[in-house]
Every structure is written in structure tokens, then in C-alpha cells.
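Residue numbers (the working numbering), protein chains in the order written: chain Y, 4 to 517; chain E, 483 to 1154; chain B, 57 to 319.
These aren't lab readings, by the way, just hints derived from the structure by calculation.
Any given hint could be a false lead.
[Said to hold, decoys possible] If you want the footprint, here are the derived chain E segments under chain B, 3+ residues with CB under 8 Å: (1) 518-530; (2) 552-559; (3) 1046-1058.
[Stated by the list, open to error] Stretches of chain B that chain E covers, calculated by requiring three or more beta carbons in the stretch to come under 8 Å of a beta carbon on chain E: (4) 142-155; (5) 186-195.
Because the structure is a prediction, the values reported are computed rather than measured.
Every residue, glycine too, gets a C-beta built ideally from N, C-alpha and C.
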Amino acid sequence: MSDPREAARDASLSALGTRPPFYRDATVVRWIAQVGTLILVLAAMWFLATEAGDSLRARGANIDFDFISDYIGIQVGSGIDTNPDSGGRALWVGMVNTIRMAAAGIALASVIGVLVGLARLSSNWPLRRLAGVYVEALRNIPLLVQILVYAAVLATLPNVSFGMGPISGWIHVSNKGLSIPRVFVADGFYQWAVIMLIGAVVARITYRRLAEQREQTGAQTNAGAWATGIVAVFAIVGWWVHPIFGWLGSPLGSLADGVGAIPQGVVQLIAALAALAVAVWWIRRFLAQHRTPAGLTRLTDDDWFRMIFAVVAAAIVVLFVTVLWPGLSSWVVNSSSDGLGVLADKFGNGRTGPPIDAMRPDIVQPGNFANYGPAGLNLSIGFAAVYFGVVFYTAAFIAEIVRGGILAVPKGQSEAAQAVGLRRSTALRRVILPQALRVILPPVGNQYLNLTKNTSLAIAVGYSDLVQIGQTVYNQTGKTLQVMAVWMLFYLACSLTISAVVNFFNIRMRIVER
Amino acid sequence: MTDPMLPPASTAMGAEPVIPAASPPDRPSLPPGRWIRENLFPNTRNSILTIFAILIALFAYRGLLNFMFSEERSWIAVRTNLRLMFTQAYPEHQYIRVWVTVGTIMVLAGVSAGIWARWGGVTVKRLMGWLMSGGVLTAAGVLVREPSVLTDAAGESVRDDAGELVRESFAAAMADRWVWWAIAIALLALGLVLWTSLDDLRRRTIEIPVAWLIFGLPALLVASTWVVRYGHYGFTEGEFIAEPGQLVAMTTRVPWTFMWLILVASFALGRAARDRAIASAQAAEETPNGGPSDEGADDDAVPELPRGALARTRTSVNLLWVLSPFFLYWVVMRDPEIDYAHVFSTMLPMGLAFGAAGAAVLWLLTRSDAGEVGRLAAIGLLLLAAFHWVAAYFGWYSMLQVARIAFLLLAVAGLLAPNFAGVAAQRRRLVGAWLFMVLIAFYGATVINSPSTVETPTDMFIGGFSVTLLVSVLTIMLSFPIGVLLALARTSRQPIFRVLSTIYIEVIRGVPLITLLLFFSGVLPLFLPDGMELAELAAAILGYTLFSAAYLAENVRGGLQSIRRGQYEAADAVGLTTTQRTGFIVLPQSLRVSIPPLVGQVIATFKETSLLAIIGLFDFLRMANSVIPNQSQFLGVRRENLLFVSVVYWVVAFAMSKYSQRLEQRVGLGQR
Amino acid sequence: MSTQPAHGDATIAVSDELAARDDMIVCREVDKWFGDFQALSGISATIKEQEIVVVLGPSGSGKSTWIRCINRLEAHQSGQIIVDGIELTNDLRNIEKIRSEVGMVFQQFNLFPHLTVLDNITLAPIWVRKKSRPEAEELAESLLERVGIPEQAQKFPGQLSGGQQQRVAIARALAMEPRVMLFDEPTSALDPEMIKEVLDVMEELARSGMTMMVVTHEMGFAREVADRIIFMEEGEIVEVGTPHHFFTEPAEERTKLFLSQVL
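Looking at chain Y on its own, in the form it has when it is part of the complex (with noise of 0.2 Å):
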């Protein structure tokens, strides 16, 4: 056609075959982007962290983890231990407490956002509305507000006085808490948890073959109401027998010796060689997968990166293991004997008492002031207004999440329910929940990460949760990055459990829906 055009398929042709020159390759150009930008994070990084030591050391602070173990003289306001004796407890006292706020949080938020979310959906008008007023009014408020609103709340209820409650002697409510009676673990616990356990397995096969039997047949064989009973006959008998299991202790003493004589070169060696071993188990089945009969495929930039990413981790364990904390597989080797040595102690021939108490609550009054003693299980305002908000708060969310599912279920099928004849609550249950919960399930399991997350809101009204903790510790050391460290990990291990729960839920859905 016209002149240049001509002139440069000329200059192409005559370069048939040839390499372009390097910032013409498309995948050299892909790749220096990507790796000058990966440097760039690095370096940008190890400016950050250099500079951070500086700062450190020019104020005469060393990045260490000694507080772990150091006694920090710190008191905790509530949890399993108010008196820690080290860092590392008073952090695990919150850990436990943010734990334990975010379990019972999300099994309340849970019910209470299905409920409000089928509520929305009734064909009763005054229900319909007075659930959406509920969505509308607590999702638009900022959870802090509405912990802070609970706490003002709370705190104009009543002086601890004696003898007040509703149910008199057994449950105290003022504006100290709640106090109820304390349920705990008590000696014969883990002999009555074998005999549990068995009753478990022997449930469990019981149920399979009554299943498998009724599938046969067709005969109504009741699998689920003899599973219950054997669970349960093994309970009430385990109850007086569970001493039998008393012997468990010795064998269990000598595995924790066993266990605590593995050198430590050992587990290291086993470590590495774990890793290195997955490693190319995990490549040498990439290649396999990727030949072809022809021969190896090409591989893309991923497939590369794959290969890569999976050599520098597996190298990255070694280095750890041997050479960067070889501490790491004494402790091991020491925590797993001392667990096992802690698990033998709970058996013997002393343990006879049942294998689970409750105590009243009591209250003393050490001064002036009248307050919640030890013995009942004392729920603080801080506690009830942080749990109260992120509930409330979480619940709406999930209303509207579930209320989102139900509708996304296509309208013939709730038509095609009741075409067969089945009740508007059945159809509900087996037809239009099933479908839905997989729509519903992967938002709510995020509304759970963030009721998780928002437990840290604690700070605000004086919880003791990980984060209120972790800010007294290092007030106490100064050991701030450290502590903040151990949020990160502790809150990124709760994300990854959350999700890996959902997902499993979600994959086995799946499934069933096949």
C-alpha cells in the first residue's frame, strides 16, 4: 500500500527469526517489571526495618521477646488468670478472652441474625417491619457508638448488694456484672472423656448400620434416636465408672519420657527433610501433570513462578529450622513432653470425684464496697457491652446476608415445593435453606472474621481482650513491636481458621448439592 509500510516489512522480513532486542521482549519486559517491583518491596522493607532497629537501639531498647517469659507485674481485670506471671500468659489470658467473646458471639450473632433475616421475609407486616427497623437502625450506627451506649447503659444499673438477683443466691446482676455460677473442669474430667469418646465410636458405628440397614429395607430403624441414647447411657454410666480409666496415667508418663528424649538434632533433620521432601513430591507431580505425550508442554509465568515459589519456601524452612531458631524443635520436643506429662498427671488412682462442677457465686465485700467474689463466673459491664455491640451489630448483618440468600433462590423453586405438596415451613427447610446457605455461607463466614476482629473494640471500654492486654504489656516493656506482632500472627491464625472452617462447609455443600 503506502511507502512506509513497505519499507518496514522489508526491515521485518529481514529479521526473520531473530531475538528482538531485550525491552522489545514481551516476556523479558513482564519479567523486569515484576522483579524490579519485588525488589523495590524488599528494599523499601529493609529501609523500614533497618531504620526501626536504629531508632531501637539509639533508645536503648532491644527487639527481644524476653517478656514472654519475664515476670511483667501486670494485672488482669478478667480471664483465667487475673494475676499472670509472665507476658506471654497475660497475652494468652487475652487470647483466651478474645476467643472466648468471639465463639459465643458468633453463636448468638448467628441466631439472632437468621432469625431478624427470616423475620424480614415474613408475611407478617408488623414482624417484617420491626425487623428491618432492627437491620436498618443498629448496621448504620458505628459499633463503637453502640458499645459505648451499652456501657453508659449498663453502668446505671444498681450496687453489688447481697441477697439481689433474680433467681435469688444463683445469678447477681449490677452494674459490676453479671455473675452466674462458675462451671468447671473438675478431676475425673479426662478418665470420663475416654469413656466419651468410646461412646462416640461405638454411637457412630451404631448409626452406620442402622442407616445402611434402613436403606436395605426401608424398615424405620430410628438411627438417629440410638446414637443419642448410646451417647447419652454412656454418659450417666461414665459418670460413676469413669476410675476404671484410672491406669491411662502410666503409659502416658512414659511417652512424655519418650518423647522428651528425642535429641534435637533429630527433629531438625526431620523438619528439613519433610520440607524438601514435599517440595519436589510438589513439582515432580506439576511436571507430571503437565507432560504431555508429545513432551513437556510450555510452561506459563505462573506455572514457572509455582515451581520457583515452591523451591525458595521449602529452602526457606530449612534455613529456619536449622539455622535461624534451632530453638524452635528443642521446643518442640520440650512443650509436646511437658503436654503429654500434664495429660498423664489428669489420671490416677485419686481421681475419683465427678468429672464436672459448678460452684455458686458469692459475693464479699473486702471493704467499703461490696464486689463479686471467686467462686461464680463474674461477667464484667466491659465484657457485656463489647459482646452486646459486637452481636447486635454482626446479627444485623447477617439478617440482611441471609434475607440476600433466601431471595437469590429462584422463585420456581419455592413453586415447585409447593407444587409436590409440601408445607411453607418444609419447604423452607428442605428446599429453599439448602439452596440458599450456599450463597449465605461465604459472606456470613466474613461477618465472623469481622465480629472476631471487632472484639478488639474491647480497649474502648476496659475489656481485658488481646489488644487491651497487649497495650498494658507494652506500656509495662516498651517491647511495642513485639507485642503488635503477636496480634498480627494471632489475628491472621484466627482469619485463616474462620475461613478454612467456612470453606470446608462450603466444598462439602458442594458436594451434596451434586
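Based on the hints, put chains E and B in the right spot on chain Y.
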């Protein structure tokens, strides 16, 4: 050629654009008796549910009213501290700056509403419903609220021998509340008049423009400040003033009246501009060839504006919205004391030099034959800009920060240059954009580096709701581009980008916001080189921005994933570069899809700003929860303030979420 | 597989006149895998300037993959593809150049739904060919005239029928003034009554002397418009010939089988 099956030109084209036809035709209304029977008591189960729900609702309502009207409440704390809660202790004699700020926002809001808003109408039936339910609610409130406590001559509450409060009799309470009865009856009567004077069809079709309500209700409120004796409360010159039975202070009443006038005037201005654009576009379309461009699918019968009409006005209004927070904060509210000697000796010459040199460089880089050499040169510029920062870090040589920023901007413009190469008009556009950026950068640097002349007791010159608003707005504006970049990286086909972005997003999303804020407000100084400092507020905004960006990225990613592969292929096939493909094809579509979740993120950010109170900044919540309860006049008054704060947060967040729902519907409908 | 596939260069000289023209697209031993599935094996063919080639074959035979490789929407893994003398390699400049020389029309139209018809067409001329806006709009209007829908310029793609959308897509590809047009099953997603309006436009384009490579199931179009027909199966070229040869005396068993199923 068959013409497409399109409806004839919309008849609504020439009609008043405010009033749309009624959206989906609803069923005829039921008579009240039947409605109650069918909706409330259709069968036993539902009747029980109804009674149960109504009882719960009444119980909650009663609790709220008892709390609000209790003799122990001191709402006076809220009334007195209104200014404190919104602007902290901004000096009285400088308050005109606050009003200029509010006025600017009003102008922008009014003009934007005039140009964009497609408000429909409210049917008389709905309006009637609101009036009647208002009446019923008021009456129910009067009935369920517990009788007031008797007071003696000294104004003290009367207690009986057991120490319990003595309340007046039910009949006396009902009589005492005659004002509330009057309001309830008036509302009900108004509703009934509307009900009886119109037949059902009319009730469902006659509409009152929403604009009347939107401007009318504030008008009523503003007008009432001139008539109703709300009382005069406040701290004037530090003196506590409480004068019940007075009109609201002149310094409140006059500005708000002005604000309302400004709002309405700018709305009228925007509407006029829009109408003119529609008219001229219609005139252009009456040529024989061009068929009118109406929406086949859009449910709103309001005519879509013709393409290109008003485009320039809209762009400039958007730009003003983007620039106004910075201008209002750093210039109007902060009143910087600019050092003119420094401006003329350094900033002006430097700015001119950068502008001229940069323009020349860009002009060269946009030559059509620049090719790879141009790209390499741009990368060289980028390396140079990066080197200035590295040098700053190690303190090799000194350089004004603004110069480093200008170098970086030049590098970015240089990298974008190939997209603008060739035609003179586009080259000029890039150079123009560069000059504008230089202007903003140098002006901004001058203003930010000048000390503030506003004297306040704390080191921050604003606080309360203005800080809440400032942090929300800045966070959203700063996190948006970061979020988009992260989302693009996370959906990229290039593994390292993807992994880096994924790690960042998941780590940030995995930790609670409060830990991040504690990190940024407490630990960040450790990471900065000597001599570099970050104000507390800036650190907090940084923390919020990095946090919010991770969530925004996930929202944008949802939009990116909704784009079909064919769009990428088509863009590649017509020869667009990756940047052009992203900017012209991918982002416009994906952002449109992600508007609802993005608005959700905006609401979340707004609510999360309340966490500022924990890290010790004087935001709206802190004022209510800590500052006012510590004033000597209002020791321990906390619940009233918290309720007020909740209502303000709720109104803002609820309005945004309603708006987002409307957008969602429109996005769903207008799938074009 | 009973018969030997017709490997080797598929450029069977159809006529001397055609053989004398310049080569527009040359493929030599092109291979392409998706994972461990080989989509193309040893494709060799030459398409001459102003030639109309129709590629036929059962679904999954690699027709679309091949045509997408020529535009680098997929990267081939071995062999050579040379378009208008420019080899498709990793060279960014060559990819850029070839994309602006080769127009592509997709089965699913792939119009940009957020842009008007006019903007769809002018986008690339303005930002890739660096035309001024008035110039690009003038070109777009003349192209819309050519594909028969000048009155739709201000509409959005979603407001058009499938046939109109596909014609806009053709106009969009033509706006880059390409030397070659690739059609990837342009009528497969259309209702029967709209197929003809698109085929009419393609025929007109063919008459105007455009080099075209068309993957289609429209046998009528293949018979009437094509200079040559390439038949593919399982990623290989099975047979090449003029429409007359192809439809009346196919040499290969597999071709016969295919024709017996579709005709």
C-alpha cells in the same frame, strides 16, 4: 435493513424533567379494614405474631421515650455544646471561615444536584401514609410514656417515704401532654383530609416532587429558628450561657438562612444549565437524520441527557469536589500565613522552571516517532525521581520536598506520554495536565508549609464532626487509587504482582483496624528517618487509607472479575495498549459494577472514623464520650450525647445506604 | 485415523493468478497446546493478498485457536506466523504492528457496552492510529454507512439487535484500516433472520478486495464467496481446495464424513 424494535421517541422528552411517570403500576389500594385483616390477622398464627411484634415494638418505644423525657436527662449539655461537637473550639471571631466552608459545600451540593439528580416524586398515598403513621406514633408515644415525676416548688423531684419517685396520675399526665396530642391530631387530620379529598387512583398517581420535600423541610426548620423560642445556649467567650425561652442566637440563625438560600440558588443554577443543555441537544436532534437517543430499557422515564451535553460542566464540578477538601482544609479553615518573600524567591521561579522544562520534555516524548527511545527516557526519568527519594533517605544532598514530588509527577506523565503521542491536540492536553499538576503541587506545598494563624487551645484547629468528616473524605479519596491499583495487581496475569497484592490485602484484612491505628499513631515514628515527623492526624489518615485500600481493592476486584474475557480480547484486537485497555475499557465497566459495594465501603469508612476516639484524637465521638462529661457544668452527662451522636451518624450513614440502593437499581436497570 | 493427513504446506496453488500475488499470512508448522491438549499441530498455510479463505471443521477442531493465534490473542508455541512480512514473536513492536494491521470480528461481538456505537468505532483510530476526533468521527460515520446503520451512531450496543451489533463490530475493525480481516464465527451467535444482514456486509467487503480469513459454519457463504476452503480436524489441516473441489469431490474420508453431516 430492519430498524431495531425500539419504542417511539419518548413523549416525556419535553415534559418537566422532575416528574417521572409512576414506576411499576401498583395494585389498587385496599380499604383500611381489609388491609388490616389481610396483613395483620389473616390466621391465628399470624395474629399471635402480630401481637407479639407490636408488643415488642411498643416496649422498645416506651423505653426510648422514657429515657428521652426523663427528668434526669440534661439535654442542655447537647444543646450547649453543639458547636464544640461540630468544630471544636474554633475561634468565635474567625467563625466566618466555617460558614464559608459550609457555604462552599452547599454550592457544590446544590449545583451537583441540579445537574445530576433525577429525583422522582412521592405519591400522595405515601405522603399520607407518612403523615398518618407520624400521628399514630405520636399518639402512641403520649399513651405509653410513663407519667412525669412530680416536682416541688424548688424544682426538686418529690420522693415518697420509701425513697421512690412520686409520679403524677395517668389522667394528669395525659392532660399535661396536650401539645403532643395536638400534634398527633393535626398529623392524623391532615392525612385524613388528603385521604377523603382524593379517590384511590388519584392518591396513587398524583405526585409531589421530591425536590419540594428536600428543600421544603430544611426551609421549615430554618424558618422556625426565627419564630420558635428554642432557647439560647452555648459558650460565648468561654462563658456558659443558658437562656431558655429565647430565640436562637443571631450567629446561628442568619448563617443557616443564608446556607439554605445558597443551596436553593445553586440548585436552580445547576438545573438551568441542565435544561439548557437538554434544549440545545433537542434542537440539534430535530434534524432529519438523527433519531432521538432515548433509553429503551430504563425504567425512569426521565430523559437521559444526550451524550456530551454538559460534559464539560460535569467534569469541572467533579474536579471541584476533588479539590475542595484540600482547599477548604488547608486554606479556608487553616488560614495559612504565607511567606511571600519565599514564594517570590523560591517557589514561583522553581514552579515556572519545572513547568517549562517539563512541558518541553513532554512535548518531545509525545512525538510520534519517539517509540522505544521515548519509553526508555521516561523510565530514566522515573529512576531519577526515585533516586532523589533514596538520596533524601540517606541525606546525600538536600532538595525541597516539592521538587522531589514534581520529578515524580514528571516521570508519571512521561510514562503516560506514548498514549498521547501523535496528534497536536492530545499532546497539548498532556502538557496542559502537566502544567495544572505543577500548579497544584507548588501551590499546595506553599500552603501546607505555611503556619496556621488560627489559635486554638489544642494543637488541632478543628475537631469533632469536622475531623470525622475530614478523615473520612481524605481516606476515601486517597485509598481509592491505591485500591484500584491493588485490585488490578491482584487480577493481573503476572504472578509476582499478584502475590504481593494478595499478601498485602489478606494481611490487612486479617487484622483489626484498631491494631493498625495503634501502630500508625504509636510505632510509626520508629520507622521514620531522623528529622522526619508525621502529624498525629496524618498518621491516622495514613492508617485508615492503607486499611480501607485493601477492602476497596476487594470490591473493585469483584467488578474486574465480572468483565468478560471478550472485552479484553476486543481491546487487544483493535490494538489498544495495556494502559489504554485498562483505562478505557476495563475500569469504566468494572467500577460501574462495583458502585454499590464501593458506597458500602464509604459508609464503613465513615463509621470506622469513630475509632479515632480510641487513639486520642478529638473526633465527634470523643467529644460526646469524654470531653463533654468532663465539663464542670455537665459532669458525667454521657448517654444524652451518645444518643445524639448515634442519631447524627445514623442519618448520614442511612442516607448514603439509601442512595446506594437507588444506584444499585439504576445500575441493574440501565444495563447498556 | 485411517487416512494420512495432508501434512506439509497447504498452499496448493489454486490458480496461477492467485499464486502470483504477495503472501499476506504465512504459517509454518505452528503448534499450540493448552495444558496437555494439543490444539494445533503442524499448521502450515499461506494466504495471499486479497484472498478469501474459509476455514471449516467440526467444533473443537482448532479453527478458532488458529485464527486467534494470527492476532496473538493466543501465543503459539512453536513454528512461525508471518503477517504481511512481520513475524509474530515476543517482540512488543511487532505485536503492536500486527494488531493494527489485522482486524478481528468475534462470535460474541465484544462491543464495549459502556461506549456509544460511535465511540466504539473511534476509540482505536484516535488512541492507536492517532487521528483527530473529527477525522475519526467522519471515518466512523462513513463506515456505519457502509455497514448500513448510519442512524445508530449515538446508541449504546445494548440497544441494538445482534445483527446490528455484529455490523458495528465489523465497522470497528475496519476503522483501523486493516490489511487483513479475521472473522471468528461471526454469525454463530445470531438469530437466523439476522445472519443474512451480516453475511451481506461480509460479501461486500470481500468484493472490495480485502484479505479475509473466515471461520464459519455458513456453507452457502463458503461456496459462494471463498477463493479457497481449508478443512481442519483435531488441530490439523486435513484438506485444502477451491469451493468447487471441496463440495463436489473431496479427497479425504474425514472431509466427506463432515460434509455428509452438515449438508
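Do the hints match the structure? See the list:
no. : hint      : verdict
1   : 518-530   : violated (count 0)
2   : 552-559   : violated (count 0)
3   : 1046-1058 : holds (count 11)
4   : 142-155   : holds (count 3)
5   : 186-195   : holds (count 4)
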